[in-house]
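Peer 1: Sequence:
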Amino acid sequence: MRSNVTRHLVDTSGNSSMEKKRKIDSECRKFKEQWNIQYFVIESSNKALCLICDESIAVLKEYNIKRHYETKHFQNYSKYTGSLRTEKFEAMKRGLKSQQFSFIKLKTEQEAATRASFRVALEIAKRGKPFTDGEMIKECIIAVAEEMCPEKVNLLKTVSMSPNTVVRRVENIAENISSQLFDKNGHVEWFSLALDESTDVSDTVQVLIYIRGVDKSYEVHEELLDMYSIHGTTTGTDIFKGVEMANQKNQIIESKEQIKRTFDGKT
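The sequence shown begins at 1 in UniProt numbering and counts up one residue at a time.
Take the hints with a grain of salt, since some may be wrong.
Think about it this way: if two alpha-carbon atoms lie no more than 30 Å apart in a straight line, the pair counts; the simulated BS3-like pairs of lysine-lysine are [said to hold, decoys possible]: (1) Lys-72 x Lys-61; (2) Lys-93 x Lys-107; (3) Lys-138 x Lys-157; (4) Lys-79 x Lys-93; (5) Lys-157 x Lys-66; (6) Lys-32 x Lys-126; (7) Lys-249 x Lys-216; (8) Lys-93 x Lys-126; (9) Lys-241 x Lys-126; (10) Lys-30 x Lys-47; (11) Lys-107 x Lys-66; (12) Lys-61 x Lys-32; (13) Lys-97 x Lys-32; (14) Lys-129 x Lys-32; (15) Lys-32 x Lys-66; (16) Lys-79 x Lys-107; (17) Lys-97 x Lys-61; (18) Lys-126 x Lys-152; (19) Lys-47 x Lys-107; (20) Lys-152 x Lys-138; (21) Lys-152 x Lys-107; (22) Lys-47 x Lys-97; (23) Lys-47 x Lys-126; (24) Lys-72 x Lys-152; (25) Lys-93 x Lys-30; (26) Lys-30 x Lys-61; (27) Lys-97 x Lys-107; (28) Lys-88 x Lys-72; (29) Lys-97 x Lys-138; (30) Lys-32 x Lys-47.
Here are the computed distance ranges between Cβ atoms for each label pair [as the list claims (entries may be wrong)]: (31) Ser-217 x Ala-143: 44 to 54 Å; (32) Glu-223 x Glu-43: 34 to 44 Å; (33) Ser-162 x Tyr-228: 52 to 62 Å; (34) Asp-215 x Glu-147: 46 to 56 Å.
Derived from the structure by calculation, the hints contain no laboratory data.
Glycine included, C-beta positions come from ideal geometry on N, C-alpha and C.
Model the full assembly from the supplied sequences, consistent with the hints where possible.
Peer 2: Here it is as structure tokens:
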């Protein structure tokens, strides 16, 4: 008997909370246009945004909005009445839109400056130029802009091209390319390696390792897998060790036996 009563109380309590939740949901609170002028608020993301202090009122109830206005702003803004109050509201609304537009524009310009910095750093790296050339290139760009589009000079000055920045950009580009190469090679079904050996100006042997892979869709891609230097002798064993180290870094071939078979041309 007691268990039945307890179960009944639990069910009644649960139903009560559910009914309360349904009641709140069924209120369908909506923002009313008269609150714009009355309390200097607008609707933003299903909340009331105060144009005076930029504070959001989460619950769309006139009681909450009115309490916010009367507690914080009534003393300074009650003097605005009639058409003067309407003009004040419209001016504050235009100010908010202008502020939002300026923020979006600033964000877009910052992103463009960063992309430009990456592109210049990439060109410097591709041509093997010193990282310090970035500052010289920036000065040249600004000089051209001063003659052709003076209004863009201040924007171009925000492009960071210091030697340290160029170094970071090149490192980020290299990491991104390596990551793409790793992902691409991780899906190959068949591959072959090709080695190209040459001597640089310091009489050091440089070995380039190229990989040509075919994926499940039979798409063929060929990329530079790695490069390493050989100091001293250049025997087959020395070259093989370089290939083995490249594999450890890129994790292309699963076992040492596969490296041997691939290197010997038996597969």
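Peer 1: Taking the hints in turn, state whether each one holds.
Peer 2: How the hints compare with the structure:
The suggested pairing of Lys-72 with Lys-61 holds, with an alpha-carbon distance near 17 Å, which does not exceed 30 Å. Distance check on the hinted pair: Lys-93 and Lys-107 sit about 21 Å apart at the alpha-carbon level, within 30 Å; holds. The suggested pairing of Lys-138 with Lys-157 holds, with an alpha-carbon distance near 8 Å, which does not exceed 30 Å. For the suggested pair Lys-79 and Lys-93, the alpha carbons sit about 19 Å apart, so the restraint of at most 30 Å is met.
Under the criterion of a C-alpha separation no larger than 30 Å, the hint pairing Lys-157 with Lys-66 is inconsistent with the structure, at around 48 Å. Restraint check: the Cα-Cα separation between Lys-32 and Lys-126 comes to about 60 Å, which exceeds 30 Å; the hinted pair is violated. A distance of roughly 24 Å separates the Cα atoms of Lys-249 and Lys-216; the hinted pair therefore holds under the 30 Å criterion. With a CA separation close to 50 Å, the supplied pair Lys-93 and Lys-126 exceeds the 30 Å bound.
For the proposed pair Lys-241 and Lys-126, the alpha carbon gap of about 28 Å is at most 30 Å, so the pair holds. Restraint check for Lys-30 and Lys-47: satisfied, since their Cα atoms lie roughly 9 Å apart, inside the 30 Å limit. Simply put, Lys-107 and Lys-66 have alpha-carbon atoms about 35 Å apart, too far for the 30 Å limit, and the pair is violated. This hinted pair checks out: Lys-61 and Lys-32 have alpha carbons roughly 10 Å apart, not beyond 30 Å.
With a CA separation close to 20 Å, the supplied pair Lys-97 and Lys-32 stays within the 30 Å bound. Of the pairs offered as hints, the one joining Lys-129 and Lys-32 is violated, with about 63 Å between alpha carbons and a cut-off of 30 Å exceeded. Of the pairs offered as hints, the one joining Lys-32 and Lys-66 holds, with about 13 Å between alpha carbons and a cut-off of 30 Å not exceeded. Taken as a hint, the Lys-79 and Lys-107 pair is broken in the structure, with Cα atoms around 38 Å apart against an allowance of 30 Å.
Simply put, Lys-97 and Lys-61 have alpha-carbon atoms about 24 Å apart, close enough for the 30 Å limit, and the pair holds. A threshold of 30 Å between alpha carbons decides the hint, and for Lys-126 with Lys-152 the separation of about 27 Å falls inside it, so the pair holds. Restraint check: the Cα-Cα separation between Lys-47 and Lys-107 comes to about 25 Å, which is no more than 30 Å; the hinted pair holds. Restraint check for Lys-152 and Lys-138: the C-alpha separation of about 13 Å stays at or below 30 Å, so the hint holds.
Between the alpha carbons of Lys-152 and Lys-107 the distance comes to roughly 16 Å, so the proposed pair stays at or under 30 Å and holds. Among the hinted pairs, Lys-47 with Lys-97 is consistent with the structure: their alpha-carbon atoms are about 17 Å apart, no more than 30 Å. Pair hint Lys-47 plus Lys-126 does not hold up; C-alpha atoms about 52 Å apart against a cutoff of 30 Å. Distance restraint check for Lys-72 and Lys-152: the Cα-Cα separation of roughly 43 Å exceeds the 30 Å cut-off, and the hinted pair is therefore not satisfied.
For the suggested pair Lys-93 and Lys-30, the alpha carbons sit about 20 Å apart, so the restraint of at most 30 Å is met. Of the pairs offered as hints, the one joining Lys-30 and Lys-61 holds, with about 8 Å between alpha carbons and a cut-off of 30 Å not exceeded. Restraint check for Lys-97 and Lys-107: the C-alpha separation of about 15 Å stays at or below 30 Å, so the hint holds. Restraint check for Lys-88 and Lys-72: the C-alpha separation of about 17 Å stays at or below 30 Å, so the hint holds.
As the CA atoms of Lys-97 and Lys-138 are separated by approximately 34 Å, the hinted pair breaks the 30 Å bound. For a cut-off of 30 Å, the pair hint linking Lys-32 to Lys-47 stands: about 12 Å separates their Cα positions. In this structure the supplied range 44 to 54 Å holds for Ser-217 paired with Ala-143, their Cβ-Cβ distance being about 49 Å. Hint check: Glu-223 to Glu-43, Cβ distance near 53 Å, so the stated range 34 to 44 Å is violated.
A beta carbon spacing of about 31 Å between Ser-162 and Tyr-228 contradicts the range 52 to 62 Å that was offered as a hint. Between Asp-215 and Glu-147 the Cβ separation comes to about 50 Å, which falls inside the hinted range of 46 to 56 Å.
Violation of the numbered hints given earlier is confined to hints 5, 6, 8, 11, 14, 16, 23, 24, 29, 32, 33; the remaining hints are satisfied by the structure.
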